[in-house]
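Here the protein sequences come in this chain order: A and B. So that you can map any letter, position 140 of the first sequence is 140 in this note's numbering, and since no number is skipped, the others follow by simple counting. Counting the second sequence from 1 gives a position; this note's numbering is that position plus 1000.
Misleading hints may appear alongside valid ones.
Stated by the list, open to error - Going by beta-carbon spacing under 10 Å, a handful of chain A positions derived as facing chain B:
1. 3
2. 4
3. 7
4. 15
5. 19
6. 26
7. 27
8. 28
9. 30
10. 32
11. 39
12. 43
13. 50
14. 72
Said to hold, decoys possible - Using C-beta positions, here's what the derived DEER-type ranges look like:
15. 1119/B <-> 13/A: 23 to 31 Å
16. 152/A <-> 1089/B: 16 to 24 Å
17. 1088/B <-> 146/A: 24 to 32 Å
18. 152/A <-> 1165/B: 13 to 21 Å
Said to hold, decoys possible - If you want the ones that stay clear, here's a sample from chain B, every Cβ over 12 Å from chain A, calculated:
19. 1019
20. 1030
21. 1035
22. 1065
23. 1067
24. 1069
25. 1070
26. 1081
27. 1145
28. 1151
29. 1154
30. 1156
31. 1160
32. 1162
33. 1163
34. 1172
Calculated directly from the structure, the hints in this document are not laboratory data. All values reported here derive from a predicted model rather than from experimental measurement. Where is the CB? At the ideal position from N, CA and C, for every residue including glycine.
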Amino acid sequence: MSDEIDREESLDRELEVRLGRALRTLPERRAPATLESRVLDALARRAPLPWWRRSFAQWPAVARVAFGVTSAVLVVLTVLAAAAANANLGSLGASQALSAPVLHDASVFFVITRTLGVSLASILSSSWVLGCLIASAALYAALFGLVIAGYRTLYLSADPGIRP
Amino acid sequence: MGLNEPTPVQKPTTESSRSIEFTTFMRAYQNMVFSTAARLAGNDAQAEDIAQEVFIKAYENFEHLRLSATAGGWLKTVATNLSLNYLTRYRKRWRLFSESETVPDVALPDGALDTLGEEEQRAALEEALRRLPAHQRVPLVLYHFEDLSYEDIAAKLDISLAKVKTDIRRGRAALAPMLRLRGIGGGS
Chain A
1 MSDEIDREES LDRELEVRLG RALRTLPERR APATLESRVL DALARRAPLP WWRRSFAQWP
61 AVARVAFGVT SAVLVVLTVL AAAAANANLG SLGASQALSA PVLHDASVFF VITRTLGVSL
121 ASILSSSWVL GCLIASAALY AALFGLVIAG YRTLYLSADP GIRP
Chain B
1001 MGLNEPTPVQ KPTTESSRSI EFTTFMRAYQ NMVFSTAARL AGNDAQAEDI AQEVFIKAYE
1061 NFEHLRLSAT AGGWLKTVAT NLSLNYLTRY RKRWRLFSES ETVPDVALPD GALDTLGEEE
1121 QRAALEEALR RLPAHQRVPL VLYHFEDLSY EDIAAKLDIS LAKVKTDIRR GRAALAPMLR
1181 LRGIGGGS
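Chain B with its partners taken away, still in its complex shape (with noise of 0.2 Å):
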């Protein structure tokens, strides 16, 4: 039985067992949450702060979660909201420090595309997709892989709709010379 299954019979548990449980619960799906958390934060020890964060908030409404059959949804939703919280925070505490920021060139060296396997060439689109400035990369994270629209994405970013479009789209500029790896997006 999967873990997002409904456990057919409840038996009073006790801390123990609950916590054998949650521990259960959460080696499957922490990779998931962490992923979220990494993409969006681009950073991975704020995605673990952040992970840690969203599996104490698991914990505390692990009554409803463990019999849920949307408990992977809830946790992405979480993380995700947290993460935006923390670019939040991030953003308002070092927007002068940060202001003259430049976009770092994300492409690999030429003739190093065609010696990576297929592994290789996904890590380094990861590597690519983390070192994109925020404003790119949250954006994009958001439509590519939770399937956000561009007007939810304004919403909730609170910025306009045209920006979002623009960062989009040089977000994906940015990342268009890793499509060029073998095996990627289906390209040449």
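Isolated chain A (complex conformation) (with noise of 0.2 Å):
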């Protein structure tokens, strides 16, 4: 048992160091010759591009914090810009509240928003929603099923070489 373990191991040890060998005899592969003309290509595209039109990671770190913390500061006056008219629209009459245009339009649009999603609600028994959800759950599911036939029909088996 014990000389038929360390024969295997032998084996193993002289495959090893062959395969090794075979494998640094291999050649480099050639560079498909449209690699270089690519990586022109796209070093070109990216050079003239200001550095607002690049990914934000290539922005300058001064822009990138100042974009940061001009976003967290429209953020929060937003959220509390929306807790502010909603707190007067729940305590004040809309017409006697907001006496200008552009606040009249405003409030008429949140308050027809509410009154329709209250309705909806209220409209909609849980068993209408139920349904809607498995319906879409199961048109998800045979969509998803359709793209893995697909991919395994068409592509899978047309380059074994791509296996993860």
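With the hints in hand, could you dock these two chains into one complex?
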């Protein structure tokens, strides 16, 4: 038994050495002729772009920080404004509180949206909602199955080299 | 003077001379970068994409690389890492689709071995390597081409040491028939 294991290990080692030697004799693959032009084209496309048109990761550090701070301030202001508008609409009559035309239009839009939402919630029973969710899930699963079948049939069988 | 050796005198370079210098640099290393990516990814189209990405990163670091004696090693490391990133992304995306994958037969038909010339034998071995499933090919390439230890491969691929050893052993076994080719691996 021990001899058999030793023999197997010895064969494994021999195979490792021989295969390693064989693989090292393989010459480098020749890069496609298109590689050089692809790289140079990609670099040429990137070069003239100003920093604000490049990816966020390539922005100057100051611009990235300023963008982050501005975004955070805008989010806070938006949340505060929404909370304030909601409180005003709740405590005052819309027509009395908001006399400016723009504010009046905004308040009308807000009230209509809220009323529509409440009405829909009361009309749609829970069974309707559940039915819609089930139908959506079934359609999604069917689509997913179709894509898997297509991938296995057309793509995986066509190129055996592409295997994760 | 080799490309890997440092330039003795630095001169301020214009954009066009930098571009010419980079093109020369790229020509010197493109086969090595492409080979590394192709052997790991197992797919030439993806390897070309990876090689393109490698050289774009090289261009971003060209001020350092053009003077570096280890530019080749840097490129090889980046090519390896980008290839592994590609495989990881690909594996996650398509795991569900490919779990039933079978190991392809990489051996040549009987009688075909003796009729091949030396160059064709190497091409056959390269093709057999490419046709291995990724879970065998990648650790095998990392072990034999990148000289990584089993432990390093396990850490890099985030898999167990036992799996690395098993996959490499199976990969070698699948390629073993290729060693019967004359002139390959010093076999008979």
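Comparing the hints with the structure gives:
Below 10 Å, beta-carbon pairs count as interface contacts, and residue 3/A has none with chain B, the closest being about 20 Å; its hint is therefore violated. Taking 10 Å as the C-beta contact cut-off toward chain B, the hint placing residue 4/A at the interface is violated, the least distance being around 16 Å. At its closest, the beta carbon of residue 7/A sits 15 Å from a beta carbon of chain B; the interface hint therefore is violated under the 10 Å criterion. For the restraint placing residue 15/A at the interface with chain B, the shortest Cβ-Cβ distance is roughly 5 Å, inside the 10 Å limit, so the hint holds.
Evaluation of the residue 19/A hint against chain B yields a held restraint, the C-beta minimum of about 5 Å falling below 10 Å. Because the closest C-beta pair between residue 26/A and chain B is about 6 Å apart, less than 10 Å, the hint holds. Satisfaction of the interface hint for residue 27/A is found here, the shortest Cβ-Cβ separation to chain B being roughly 7 Å, below the 10 Å cut-off. Checking residue 28/A against chain B: minimum C-beta separation of about 4 Å stays under 10 Å; hint holds.
A cut of 10 Å between beta carbons decides the hint on residue 30/A: the least distance to chain B is about 6 Å, and the hint holds. The interface hint given for residue 32/A holds, since its Cβ lies 5 Å from the closest Cβ of chain B, which is under the 10 Å cut-off. With its C-beta approaching chain B no nearer than about 4 Å, residue 39/A sits inside the 10 Å limit, and its interface hint holds. Satisfaction of the interface hint for residue 43/A is found here, the shortest Cβ-Cβ separation to chain B being roughly 6 Å, below the 10 Å cut-off.
A distance limit of 10 Å between C-beta atoms decides the matter here; for residue 50/A the minimum to chain B is near 16 Å, and the interface restraint is violated. The interface hint given for residue 72/A is broken, as the beta carbon of that residue sits about 30 Å from the closest beta carbon of chain B, more than 10 Å. Checking the proposed 23 to 31 Å range against residue 1119/B and residue 13/A shows it holds: the Cβ atoms sit about 29 Å from each other. For residue 152/A and residue 1089/B, the Cβ-Cβ distance of about 19 Å falls inside the hinted range of 16 to 24 Å, so the restraint holds.
Distance hint check: the CB atoms of residue 1088/B and residue 146/A are about 26 Å apart, consistent with the given range 24 to 32 Å. Against the hinted window of 13 to 21 Å, the Cβ-Cβ separation of residue 152/A and residue 1165/B comes to about 30 Å, which falls outside the hint. Listed as outside the interface, residue 1019/B is inconsistent with that label: its C-beta sits roughly 8 Å from the nearest C-beta of chain A, within the 12 Å cut-off. Annotated as non-interface, residue 1030/B brings its C-beta within 12 Å of a C-beta of chain A; the closest such distance is 4 Å.
A cut-off of 12 Å between C-beta atoms contradicts the statement that residue 1035/B is not in contact with chain A; the least separation is 4 Å. Every C-beta of chain A lies more than 12 Å from that of residue 1065/B, the closest at about 14 Å, which supports listing it as non-interface. Non-interface call for residue 1067/B relative to chain A: holds, since the shortest CB-CB distance, roughly 20 Å, exceeds 12 Å. Once the 12 Å rule is applied to beta carbons, residue 1069/B is consistent with being away from chain A; the minimum gap is 20 Å.
Its beta-carbon lying about 18 Å from the closest one in chain A, residue 1070/B satisfies the requirement of being farther than 12 Å from that chain. The non-interface label for residue 1081/B is consistent with chain A: the shortest C-beta to C-beta separation is roughly 17 Å, beyond 12 Å. Its closest Cβ contact with chain A, about 7 Å, brings residue 1145/B to no more than 12 Å, contrary to its assignment away from the interface. With a minimum CB-CB distance of about 16 Å to chain A, residue 1151/B clears the 12 Å threshold, and the non-interface call stands.
Every beta carbon of chain A lies more than 12 Å from that of residue 1154/B, the smallest distance being close to 17 Å; the non-interface claim holds. Remark: the non-interface label on residue 1156/B is consistent with the geometry, its nearest Cβ contact in chain A lying 16 Å away (cut-off 12 Å). Listed as outside the interface, residue 1160/B is consistent with that label: its C-beta sits roughly 18 Å from the nearest C-beta of chain A, beyond the 12 Å cut-off. Distance check for residue 1162/B against chain A: the nearest CB is about 15 Å away, which clears 12 Å, and the non-interface claim stands.
Consistency note on residue 1163/B: stated as away from chain A, and its beta-carbon is indeed over 12 Å from all of that chain's, at 15 Å minimum. The claim that residue 1172/B lies off the interface is violated: its Cβ sits roughly 5 Å from the closest Cβ of chain A, which falls inside the 12 Å cut-off.
Against the hints set out earlier in the document, violations occur for numbers 1, 2, 3, 13, 14, 18, 19, 20, 21, 27 and 34.
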